[in-house]
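Just so you know, the protein sequences line up as chains A and B, in that order. So for the first sequence, my numbering puts the first residue at 2; every next one is plus one. So for the second sequence, my numbering puts the first residue at 255; every next one is plus one.
Where hints are given, some of them may not hold.
[Stated by the list, open to error] Sample of chain A residues with no beta-carbon within 12 Å of chain B, all distances over it, derived:
#: 1; residue: 231
#: 2; residue: 270
#: 3; residue: 273
#: 4; residue: 373
#: 5; residue: 397
#: 6; residue: 429
#: 7; residue: 436
#: 8; residue: 465
#: 9; residue: 493
[What the hints assert, rightly or not] A few chain A residues facing chain B, derived, Cβ under 10 Å:
#: 10; residue: 13
#: 11; residue: 52
#: 12; residue: 211
[Stated by the list, open to error] Which bits of chain B does chain A cover? Going by a derived footprint, with three or more residues having C-beta under 8 Å, they are:
#: 13; segment: 282-292
#: 14; segment: 304-314
#: 15; segment: 323-335
To be clear, the hints were calculated from the coordinates, so they are not data collected in a lab. Please read these numbers as outputs of a predicted model, since none were measured by experiment. Think of the CB as a built atom: it goes at the ideal place given N, C-alpha and C, for glycine as much as any other residue.
Here is what each chain is made of, one letter per residue.
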Amino acid sequence: MKQADGLQAFQRDVDIDKRLIGADGAVNLRIDAEMLATSDPCTNDLDPANVVAILPASGIAFDIDLNSVKSLITALKLLPRRTQILLPANQALSEASAQTALHLAALMIAHGREPIIQTSRDDSAVAIRIRDAEGDSATQNAAVLEHDNGKLDIVIDPQRDIVALTRLWQLAPATIIGSQATASRSSAPATNVQSTFRGFSQLPPAQNIRQTGEWTLNFPLIAEDGRLTESAVLKLAVAPDWSDDPPIATVYLNGQLVTASRINVGDNDIRFALPPRMLNFNNTLRVVVERANERRDCVPPTGGHAVQIMPGSGVTFGNESGTGFARIAHRLAAGGVVILPKQSRDPNLGGRYILLAARVLAAFGSNDEAVRIAFGSDEAKQAPNQTAIIFETAGAEGLQIPIPSRAEWLNLQPASSPALVGLFAEPDGSRLRVVLSKPDQVPDPRTLYLRGGGTNALISAEGVVWHDAPTTITSAFDGLYASASDLRRFLERYGWHLAGAFILLFLIIILGRRMLVAYFRGRGTR
Amino acid sequence: MRLHAFIIFAIFGLAPAHAQTQTVDVTFQDQGFSNGLQLRSRESANVFFSLPNASDVLRPRLRIQGQIATPNLARGSLLIASTISRSTRFP
Numbered sequence: 002m003k004q005a006d007g008l009q010a011f012q013r014d015v016d017i018d019k020r021l022i023g024a025d026g027a028v029n030l031r032i033d034a035e036m037l038a039t040s041d042p043c044t045n046d047l048d049p050a051n052v053v054a055i056l057p058a059s060g061i062a063f064d065i066d067l068n069s070v071k072s073l074i075t076a077l078k079l080l081p082r083r084t085q086i087l088l089p090a091n092q093a094l095s096e097a098s099a100q101t102a103l104h105l106a107a108l109m110i111a112h113g114r115e116p117i118i119q120t121s122r123d124d125s126a127v128a129i130r131i132r133d134a135e136g137d138s139a140t141q142n143a144a145v146l147e148h149d150n151g152k153l154d155i156v157i158d159p160q161r162d163i164v165a166l167t168r169l170w171q172l173a174p175a176t177i178i179g180s181q182a183t184a185s186r187s188s189a190p191a192t193n194v195q196s197t198f199r200g201f202s203q204l205p206p207a208q209n210i211r212q213t214g215e216w217t218l219n220f221p222l223i224a225e226d227g228r229l230t231e232s233a234v235l236k237l238a239v240a241p242d243w244s245d246d247p248p249i250a251t252v253y254l255n256g257q258l259v260t261a262s263r264i265n266v267g268d269n270d271i272r273f274a275l276p277p278r279m280l281n282f283n284n285t286l287r288v289v290v291e292r293a294n295e296r297r298d299c300v301p302p303t304g305g306h307a308v309q310i311m312p313g314s315g316v317t318f319g320n321e322s323g324t325g326f327a328r329i330a331h332r333l334a335a336g337g338v339v340i341l342p343k344q345s346r347d348p349n350l351g352g353r354y355i356l357l358a359a360r361v362l363a364a365f366g367s368n369d370e371a372v373r374i375a376f377g378s379d380e381a382k383q384a385p386n387q388t389a390i391i392f393e394t395a396g397a398e399g400l401q402i403p404i405p406s407r408a409e410w411l412n413l414q415p416a417s418s419p420a421l422v423g424l425f426a427e428p429d430g431s432r433l434r435v436v437l438s439k440p441d442q443v444p445d446p447r448t449l450y451l452r453g454g455g456t457n458a459l460i461s462a463e464g465v466v467w468h469d470a471p472t473t474i475t476s477a478f479d480g481l482y483a484s485a486s487d488l489r490r491f492l493e494r495y496g497w498h499l500a501g502a503f504i505l506l507f508l509i510i511i512l513g514r515r516m517l518v519a520y521f522r523g524r525g526t527r
Numbered sequence: 255m256r257l258h259a260f261i262i263f264a265i266f267g268l269a270p271a272h273a274q275t276q277t278v279d280v281t282f283q284d285q286g287f288s289n290g291l292q293l294r295s296r297e298s299a300n301v302f303f304s305l306p307n308a309s310d311v312l313r314p315r316l317r318i319q320g321q322i323a324t325p326n327l328a329r330g331s332l333l334i335a336s337t338i339s340r341s342t343r344f345p
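Chain B extracted, bound-state conformation:
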């Protein structure tokens, strides 16, 4: 009985994995930043991504890889924020 329950659980639990989803990776390099970004002391930059519609996208996630050199730092922070842009459609 316990085994049956486990099998049922396994079937239902694994079912979503059978939906044919593909992982798509859009990198900074693809957006034209072939050398990434370098920000000194106080600088900011914008990176624009054009993804499919929100309803089609599953589990969007951001991955930031970087390197920091702070030989002379009293206080510091790195902020990554998303600013929703309005529709960029042509009239």
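Only chain A is shown next, with the shape it has when bound in the complex:
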């Protein structure tokens, strides 16, 4: 590297020795940048203006003979980012097939993939195909591999226990070895529902910090048993440094400051509440640790002293049931139903409905194994107590969105925009209405960021177009202030009129009194 003004692009292609690939195909790349501003070892030689950016298109490429792939786990690793889920064509979509597609799609979206649900295969090397009902289910396998013309299909039998398969895939992918997978669900609950504490799923490694170090931690709003987050605890282990001042830890939740404090050398417990109004369905906690300048004659250019977030850090979940979307997600953890319209039994159309349902479930962080699919609006009437996501179509009047506070109804005619979807949560959390502006056009937004406390949202193909603010409870003081300011506004507008009316009233009283006095005085003297 050399000093240069402006941006320099670089590209390197390197063959990887096969011995660098670990036992199960694991490759861990470590990328170290070292850009020193001066060669004097006794000065601060770090200049943050020196930057290396590695573009997201970088990566590892390899060739593979698909005919030699015999193991399901290898096939799963070869699935492209935009994975195809193929529905059985030429026959009405069954509940089992739809449910399988929903579970797979929601799982993939939750893991950052972009599934496509359709009926015709494109030219991608590996895809997932759902077996049609007439196909022979003589095999006992939930998933088998089928080679065809140099392409590879992972064929999944919707009649088998697909939930067990997806759970296995999610929890322990390396156990699915060989050309067949056998999985069954146990009746006992997998998690201890008594415990309200969940550790962070992935803890970042220790950092050697000279001045500032930064970590990000992700956690969901809703635990797998439906509980909502309440507070967090961070266990920070801090190595001593050469300064006399203790380091400072600052914690941001979704970009907003939640707590900051001095931390001691050794073990620290930082506990803080998570304000419900700042929480999304997926939350990011950013922890920044800043050390004081080291007091030595010569600060060596290498080093830094370790800080680590220790196991035992995590989130505590409470017993609140939440409002709006969070309340629906909370209830869906105990099971629910996605009700699709009758016309979506056509597999060419049904795939798009299922994909949108999977996006909503993934956005809710819903543990979707207890969610089933039903076709037709009669289903909703049969089980009125069940939590339901109901797909509807807007009538001739268009999609109507209730805007809170002063505004009236916003009418969006379906003709004015390509295709929109409204999400409306019922206040008791029993129903989520998904209203489509056009029945045959279902938008497929890549990302769906919903806030936990919101109740209404409008979605287009680009994502969330509009979202109402989480409902906030106004305190008594706010109410008093609001009424005082109303009075002031009233006086500013009508103050002179009011004063005039008072003066007029005053004059009438004075004059009337005079007249009455004069009248009675006249009678008395008569």
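Start from chain A and add chain B according to the hints.
Here is chain B on its own, set in the frame of chain A:
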């Protein structure tokens, strides 16, 4: 005779190309780094890839594309190393 030799050579030389291999690309974006990586002055990062078994993979290669801005640099280097992790299988 020379032509025959050329044809034989061509058949044998091209034979491996007829084996149906597919090129698979796994990018940083697929591994969750949707904006890539930004490293300032002295920083490091780890990117984990889960490839098929080494015996199934042919000709693995690494492609790094990036951009560097070094307005104030005395000396610098960028190191990309592979650290083999132990088996991550569940017991």
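Each hint tested on the structure:
Residue-level check passed: residue 231(A) sits 27 Å from the nearest beta carbon of chain B, beyond 12 Å. Even its closest Cβ contact with chain B, about 27 Å, leaves residue 270(A) beyond 12 Å, as expected for a residue assigned away from the interface. For residue 273(A), the requirement that its beta carbon stay farther than 12 Å from each beta carbon of chain B is met, with the minimum near 27 Å. Its beta-carbon lying about 29 Å from the closest one in chain B, residue 373(A) satisfies the requirement of being farther than 12 Å from that chain.
With a closest Cβ-Cβ approach of about 41 Å to chain B, residue 397(A) is found to remain outside the 12 Å limit, as its non-interface label requires. For residue 429(A), the requirement that its beta carbon stay farther than 12 Å from each beta carbon of chain B is met, with the minimum near 37 Å. Look at residue 436(A): its CB is around 31 Å from the nearest CB on chain B, clear of 12 Å, so calling it non-interface holds up. Its beta-carbon lying about 18 Å from the closest one in chain B, residue 465(A) satisfies the requirement of being farther than 12 Å from that chain.
The beta carbon of residue 493(A) sits about 50 Å from the closest Cβ of chain B, which is more than 12 Å, so the claim that it is off the interface holds. This hint holds: residue 13(A) has a C-beta 5 Å from the nearest C-beta of chain B, less than the 10 Å allowed. A least Cβ separation of about 5 Å between residue 52(A) and chain B falls short of the 10 Å threshold, and the interface hint therefore holds. For the restraint placing residue 211(A) at the interface with chain B, the shortest Cβ-Cβ distance is roughly 8 Å, inside the 10 Å limit, so the hint holds.
Figure legend: the segment 282-292 of chain B, annotated as covered by chain A; annotation consistent (11 residues with Cβ-Cβ distances under 8 Å, at least 3 required). As drawn, the segment 304-314 of chain B meets chain A at 10 residues by the rule of a beta-carbon pair under 8 Å; at three or more, the given contact holds. With 13 residues having a beta carbon nearer than 8 Å to a beta carbon of chain A, the segment 323-335 of chain B meets the requirement of three or more and the stated coverage holds.
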